[in-house]
Amino acid sequence: MSDITTPTWIDPTGAFEPEKATREVATNPHLSHQVTWAETRRFKPAMHPVGRLRYYYKWPGHGGALWWRTRYWPTRRRVLNIRGEYNPKTMRREKTIADKRPIWWTMAFTGFLAMPFLIPGSLWNTVMAAAAVFGIYAAINLCWMLIVGTAGIFSLASYAVVGAAAYGTTYAAILTGLPWWTLPLMGCFIGLVFGVIIALPAMRLDGFYYALLTLGVVELCRVYVVQSRVLGSATGGLYGAPSYLPASFGQTGKLLLGYYASLAVMTAALFVFRFVHGKRLGRVLRMAPEKKEAFAEACGVDYLRARVTVFLVSSTALGFIGGFYAIHFGGASPNLFSFDTLLLSLAMLVIGGIGRSEGAVVGTAIVVFVDRVLIDLGPLRYVIIGGLMLAVVLFLRGGLFGIKAQFRNWRDKKSSEHRASRAEKGGEMLPEEATETADKDKIFYRRFDKMQRDFLKRLVSDAVIDEHRTRPLGQHSEALERLLIYFRRQGQIDKYAILVLREFSAYRIVALSGHRGTAPRMVEDRTYPNADEAYHALFLRRVQDLLES
Amino acid sequence: MNSSFVISNAITLACIYGTLAIGLSLTWSSLGLVNMAYGFVFALSGYGAWLVAVNISDWSPVVLAAGILTGALGGVLVCAAAFIPIHDKPNFPLRALIATLAISLVGNQMLLWYFGPRAKSLPRLFGNWNADIFGVIITSDKLGASFSAIVLLTVVLLWMRSSRRGLEIRAMMMNPHAASIVGIGVRRTGFYVMALTGGLAGLASVLLAQTYYVAPFSGITPMVKGLSIALVGGLGSVPGAVIGAILLGINEALTSTLLGGQYVLITQFLLIIIVLLIRPRGIAGILDKAREA
Chain B
1 MSDITTPTWI DPTGAFEPEK ATREVATNPH LSHQVTWAET RRFKPAMHPV GRLRYYYKWP
61 GHGGALWWRT RYWPTRRRVL NIRGEYNPKT MRREKTIADK RPIWWTMAFT GFLAMPFLIP
121 GSLWNTVMAA AAVFGIYAAI NLCWMLIVGT AGIFSLASYA VVGAAAYGTT YAAILTGLPW
181 WTLPLMGCFI GLVFGVIIAL PAMRLDGFYY ALLTLGVVEL CRVYVVQSRV LGSATGGLYG
241 APSYLPASFG QTGKLLLGYY ASLAVMTAAL FVFRFVHGKR LGRVLRMAPE KKEAFAEACG
301 VDYLRARVTV FLVSSTALGF IGGFYAIHFG GASPNLFSFD TLLLSLAMLV IGGIGRSEGA
361 VVGTAIVVFV DRVLIDLGPL RYVIIGGLML AVVLFLRGGL FGIKAQFRNW RDKKSSEHRA
421 SRAEKGGEML PEEATETADK DKIFYRRFDK MQRDFLKRLV SDAVIDEHRT RPLGQHSEAL
481 ERLLIYFRRQ GQIDKYAILV LREFSAYRIV ALSGHRGTAP RMVEDRTYPN ADEAYHALFL
541 RRVQDLLES
Chain L
1001 MNSSFVISNA ITLACIYGTL AIGLSLTWSS LGLVNMAYGF VFALSGYGAW LVAVNISDWS
1061 PVVLAAGILT GALGGVLVCA AAFIPIHDKP NFPLRALIAT LAISLVGNQM LLWYFGPRAK
1121 SLPRLFGNWN ADIFGVIITS DKLGASFSAI VLLTVVLLWM RSSRRGLEIR AMMMNPHAAS
1181 IVGIGVRRTG FYVMALTGGL AGLASVLLAQ TYYVAPFSGI TPMVKGLSIA LVGGLGSVPG
1241 AVIGAILLGI NEALTSTLLG GQYVLITQFL LIIIVLLIRP RGIAGILDKA REA
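First to last, the sequence lines map onto chains B and L.
If you're matching positions, the first sequence starts at 1 in our numbering and goes up one per residue.
If you're matching positions, the second sequence starts at 1001 in our numbering and goes up one per residue.
Calculated from the structure, these hints are not laboratory results.
Quick caveat: nothing in here was measured; it's all calculated off a predicted structure.
No residue lacks a Cβ here, since even glycine has one placed at the ideal position from N, Cα and C.
Warning: the hint list may mix true and false statements.
Which stretches of chain L does chain B cover? Using the computed rule of at least three CB atoms under 8 Å from a CB of chain B, they are [stated by the list, open to error]:
1. 1110 to 1121
2. 1264 to 1275
Listing some non-contacts, in silico: residues in chain B with all C-beta distances to chain L over 10 Å [to be verified]:
3. Gly61
4. Arg204
5. Leu540
Listed next, the stretches of chain B that the computed footprint assigns to chain L, with coverage defined by at least 3 CB atoms under 8 Å from CB atoms of chain L [stated by the list, open to error]:
6. 164 to 174
7. 318 to 330
8. 373 to 383
9. 386 to 399
Same shape as in the complex, but just chain L (with noise of 0.2 Å):
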C-alpha cells in the first residue's frame, strides 16, 4: 500500500462522502430536518440503478440516471412520510428525527426482505483504464466517480445560485418563516430540496458502488460519514461540508499511512471532537448564521 494509492483513495472517497455531507447539509439548512433516512435513500438508489443496469441496460450514463432518479423519488417519499405531516407541529426537529429513523429502519428491512441478504454489484461505469497523473497511477473508477461527482456538485450548486428555485431554497436556508411570509411554499420547497438531497444520495451510491457493493444496510456507513463531514464542517454551509470533507479524507489517508488502517475512526472521531468543542457550530457554521433547531 503506497501513499499515492491512499491519497487518491481519500480524495474519492472525500468526493463522494462530500456529496453526502452536502445532501444532508442542505436539508437541515433548508427543512430544519436531520434527514436520518439518508442511508435507507442511497441504499434503495443503489437497489434502482442495479435494476436498471440488469434490466434495461447497462450503459453508464443511463445508469447514473437511474440511480439519481430513484433516488429524487426516495427523498420525495421522505418528505411526503417525514416532512408534510408534521412540520408545523410542535416539537418538530425531534419527531422529524425519530419519523426518519423509523422510515429507514423500514425501509432497510423491506429492502434485506425483497432482495435479501445478498450483496449486488453494479457495472463498472467508468471502464477498466488507469491514468497517470503526475506518476500517481489512478484506476478509472476513482477518477470517474471523483470528477463525475464533482461535475455534479457544481452544477447543482450553480444551479443554486442562478435558478428561481435555488433562490427559494436559499431563502428558506436564511429564515424560513420569513421565506413563508413572501410568498415561499414550504411544503413545495421542501419536495425541491428532498427530491435535490435524494439525488446527491443517488449520485453518491452509484459512485460508491464502483468500489463497494449494493447491500441492504450499505447506506448507514456512508450515512453517518457525511453526517460527521457536515458536523465538522457545520451543519448548513455547502462550503463548510467540503472544507470538512477535504480535512477528513486528508486524516483518513494520513492516519491510515502512518498509524493504520483500524485507528482510522478513532482519529476522526478526536477530530471532530475537537473541532466541535473549540467551534460547537463546525468550521463554518458561525453561530448566529446556524439554524436554531
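The shape of chain B in the complex, shown without the other chains (with noise of 0.2 Å):
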C-alpha cells in the first residue's frame, strides 16, 4: 500500500478563500476504474503465433474460367469436384479441390500400368507372380466388399463362390473341351445359382448367425473338394482348364500378360463396386444401415429387396472372377476354401477399412505384399498380416482409410476439451446457484460488485488513509471519495453506524440491524472522544471488510 511517487491532490474548494493557503494530500496515483473490467474480459486463452491451420491446398481462382468446368462425356460428372469460394480476408477467388480421390486413383493406376518396367531384375518373377494374384484377389474383394459394407450382409463365403465358379468351369472344360473365354462368362452362370442357394438363408438370419453359417458352408465345401476324387483329391486340385495365355509367350511374356488382364478384371470390378455402392442400390442401403432397418422400411425403402440384388450381383461377378482363376491359374485347387485364406482375404478388408473400395485395393496390396513377396519370412509373415489385423481392429475405427476421419474426430475432442477447461467463473455467484435465482439481475449485479470491489481493493493505500484520517468529513481525493461512496451506499443490514453516547465526548461504534423496532448491535466496547475519530476509526472497519471481503 505504500506508493513510491505520491501525487498530491489539491483541494478544488480551496479557490472559495483565496486569501487562505490551499489544503494539499498525498494520494493515489490515478487508477482508471476501467482495469477490473478489462482485466475480467480480457482474452486469456494462448493463442498461437500461425493462426487456424489450412488442410487443403487453395489454388487461385481465375474469374473468367469460373463457370467453366470439365465434364466427361455421357455424364454432366465432373472430372474433379471442385470448390469456388472468395476469402474473405484477401477478397481473392479460391479454389478447393473437395474430393481429391479420381487425383489418387490416376496416380495409382498409372504406378499399376508402369509397375512391370520398374521392379528389379532379381525379384522380377516372383513380384509379377504376386501382383497378378493381387489383381484377383482385390477383384475378389471389391466384389466381397461390396456383400459386406454396402448389402451389409456379413458373408464368408465369398471365396466359396469363387471357388465353387473355378471348379465348376475347369471340370466343364475338362469334360467339353471349351475354349478359354467360355470359362468366365459360365462361372458368371455357376455364381449365380450359388448366390442364389447361399442369399437364401440371409433373408431370414442376421449378422452373426448368418456368418456362422456361411463359414459353415466354406467348410462343406473344402471338405466335399478334399474328399471328392472327381475334383481332383489326389492332385491336390483340379487342373487342365484352357489357358488365355497364347503358348508362343515366354515366361516374361506370359506373367506381364497375366499381370495386365488381371488388372483389368481388377478395374472391371471396380467399375462394379462404383455403379453399385455409387448409384441408386449403394444408395437405398446406407439408408438401412444394421439396426436402422425397421426406420427405413417405415420410409418406403424395401432394403431386403435390395441387399438380394446386390448379393446376386455381386456373387455374379465372383462367379466371373472364378471363371478367370480358373483359366488364369489352370484350374482350381481347394486352397481357395481352406480357413487361412479366409482370414487372409478378411485381413485385407478389414486392414483397407470396410466400405470402401481404395480400401480393399489398398489392403490386399498390404496382405499380397506380405504373403507373396517376403516368402523368406515363412510362417512369421502371417503374423505380422494377423498383427496388422488385430491392431487394425484394436485401434482404428475404419481401416487404414478411417484414420483421417477418426483423427479429426480426436483432434475436435481434444480442442473441445480444453475450450471447456478455459471457462471460469464469471462472478460471484456459481453456476448452480445462479440457475437456482428466479432474479438474473442479482447474478449480474453480484457479478458488477465483485469487479467492483476488485478495483476498490486497488484504491486503498496508506496516503488515502491519512488523508481521511486528517478529514473523514469534506472534501476528498477521487480516491477516497470512490472508496467512500461505495461504503456509503451498502445495504442498511449490518451496516456500521456511530452512536452517540454523550455529544462531543463518548462515540461508539455500533452496527444496524436493518430491521425496524431492532435496536443495533455492538462492535466494539470502545468509546471515542470525538466524532472524527470515530469516523476514521469506522472508515478502517469498512476498509478491513473490504480487503477481506
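Both chains come to you apart, so use the hints to assemble them.
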C-alpha cells in the first residue's frame, strides 16, 4: 500500500477562500475504473502465432473460368469436384479440390501400369506373379466389399463362390473342351446359382448367425473338394482348364500378360463396385444400416430386396472372377476354401477399411505383398499380417482409410475439452446457484459488485487512509471519494453506524440491524472522544471488511 | 463298419463337439463375443497337454488337468487381447469377431512355427480295454471321452447354477447392461467366462486327441462343428446346444450308414439351413430372449 511516487491532491474548494493556503494532500496515482473490467473480460487463452491451420491447398481462381468446368461425356459429372469460394480476408477467388480421390486413383493406375518396368530384375518373377494374384484378389475383395460393406450381409462365403465357379468351369472345360473365353461367362452363371442358394438364408438370418452359417458352407466346400476323387483330391486341386495365355509367349511375356489381364479384371470389379455402391442401390442401402432397418422400412425403402440384389450381382461377378481364376491358373485348388485364405482375405478387407473400394485395393496390396513377396520370412509373415489386423481392429474404427476421420474426431474432441477447461467463473455466483436464482439481475449485480470491489481494493493505500484520518468529512481526493461512495451505498443490514453516548465526548461504533424496532448491536466496547476519531475508526473497519471480502 | 460302431462314434463326437458348442455359446451369450479364436485355444491346450505328457507325467488326470489349464490360460489371453480393449467401443461385436480371427491366425502360425507341422499324439488316457454294453462293443477311449465330457459339463453347469460367480455369469447372459449397473464387473466376468470356456476347449481338445492328433490347425474343424451345433441349438442356450449336439450326432450316424461318409457335411448343413430357416435363432433360442448383437 505504499506508493513510490505519491502525487498530491489539491482541494478544489480552496478557490473559495483565496486568502488562505490551499490544502494539499498526498494521494494515489490515478487508476482508471476500467482496469478490472478490462482484466475480467480479457481474452486469456494462449493463441498460437500461426493461426488456424489450413488443411487444404487453395488454388488460385480465375474470374473468366468461373463457370467453365470439365465434364466427361455421357454424364454431366465433373472430372474433379472443385469448390470455388471467395476468401473473406483477401477478397480473392479461391478453388479447393473437395475430393482428391480421382487424383489418387489416376496416380495409382499409372503406377500399376508402369510397375513391370520399375521392378528390379532379381525380384521380377516373384513380384509379377504376386501382382497378378493381387489383381485377382483385389477384384474378389471388391465384390466381397459390396456384400459386406454395401449390403451389410456379413457373408464369409465369397471365396467359396469363387472356388465353386473355378471348380465348376474347370470340370466342364475338362469334360467338353470349351474354349477359354467361355469359362468366365459360365462362371457368372455358376456364381449366380450359388449366390441364390446362399442368399436364401440371408433373408431370414441376420448378423452373426449368417456369418457362422457361411463359415460352415466354406468348410463344407473344402471337405467336399478334398474328399471328392472327381475334383482332384489326389492331385491337390483340379487342373487342366484352357489358358488364355498364348503358348508362344515366353515366361516373361506370360507373366506380363497375366498381370495386365488381372489388372483389367480388377478395373472391371472397380466399375462394378462404383456402379452398385455409388448409384441407387448403394444409396438405398446406406439408408438402411444394421439396426436401423425398421426406420428404413417405414420410409418405404425395400432394403431386403436391395440387399439380395447386391448379393446376387456380386455373386455373379465373383463367379466371373472364378472363371478367370480357372483360366489364369489353369484350374482350381482347394486352397480357395481354406480357413487361412478366408482369414487372409478378411485381413485385406479389415486393414483397408470396410466399405470403401480404396480400402479393398490397398489392403489387398499390403497383405499380398507380405504374403507373396516376403516369402523368406516363413510363418512369421502370417504373424505380421495377423498382428496388423489385430492392431487395426483394436485401434482403428474404419481401417487405414478411416484414420483421417478418426484423427479429426479426436482432434475436435481434444480442442473442445480445452475450450471447456478454459471457462472460468464469471462472477460471485456459482453456476449451480445462478440457475436456482429466479431474479437474474442478482447474478449480474453480484458479478458487477465483485469487479467493483476488486477495483476498490487497489485504491486502498496509506495515503488515502491518512487523508481520511486528517479530515473524515468534507472534500476528498478521487480515490477516497470512490471508496466512501461505495461504503455509503451498502444496504442497511449490518451497516456500521456511530452511536452518540454523550455529545462531543463519547462515541461508539454499532452495526445497524436493518429492521425497524430491532436495536443496533454493539461492535466493540471502545468509546471515542470525538466524532472525527469515530468516523475514522468506522472507515478503517469498512476498509478492513472490503480487503477481507 | 457296423451301425453300432457308427452310433457310438457319433455319440462320442457329439459329446466332445457339444462341449465346444457350450463353450462358444456361453461366450456369446454372456460377453457378446463370437470367439473365433476357439480353434486356436483348442490346439494350444492340446499342445499344453502334450508337453506335460512328454516332460512331466503321462498319468491321465495330470494330462487332462494340463489340457484344461492351458485352455483356461489361452481363454484368458484371448480375453485380454480381444475383449478388454474394445468391449466398450463402438461396433464391438464385429470388431471382436475380426480380432479373434486375427488371434486365431497369429496363434496357429505361432504353433506351426514353434512345434512344426508334424502331428503329435497324446498318450491313451483311458487305457486299452473294451466294454460290452447290450452287445455293443465300445472302446475305452470313446467311453472315457463321453463319460468325462458329460461329468465335467455337469460339474460346470452345476457350478453355474449354484455359485456366486455362476450367478454373475448368468446375470451377464440375461442383460449385460443391467448386470453392470448392479455391480457385476464386466471385465472381471469376462475373464471368468473366457477362462471357463477355454477350460472346456482344453477338455475337448484332450478328449478328441484320443481319436485324432494334436496339430497346429487341428482346432479349425472342431470349432466349425461346435459353431454349427451352437447355431442349430441357438447361440446362448445350453439345453439348445445339447439338443443340437444330439441332433447333429444322429444326423451324422444316419447319413454315414445310409448314404456314406462323404455326404455327412452336406446333410449336416442342409439340416442346419432348414432349422435356421424355420427358427432363425436356433432350436432353443426364442427371438426375444436371444442376445441382441
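Open item on the list: For each hint given before, does the structure comply? Return the numbers of the non-compliant ones in rising order.
Closed with: 4, 6, 7
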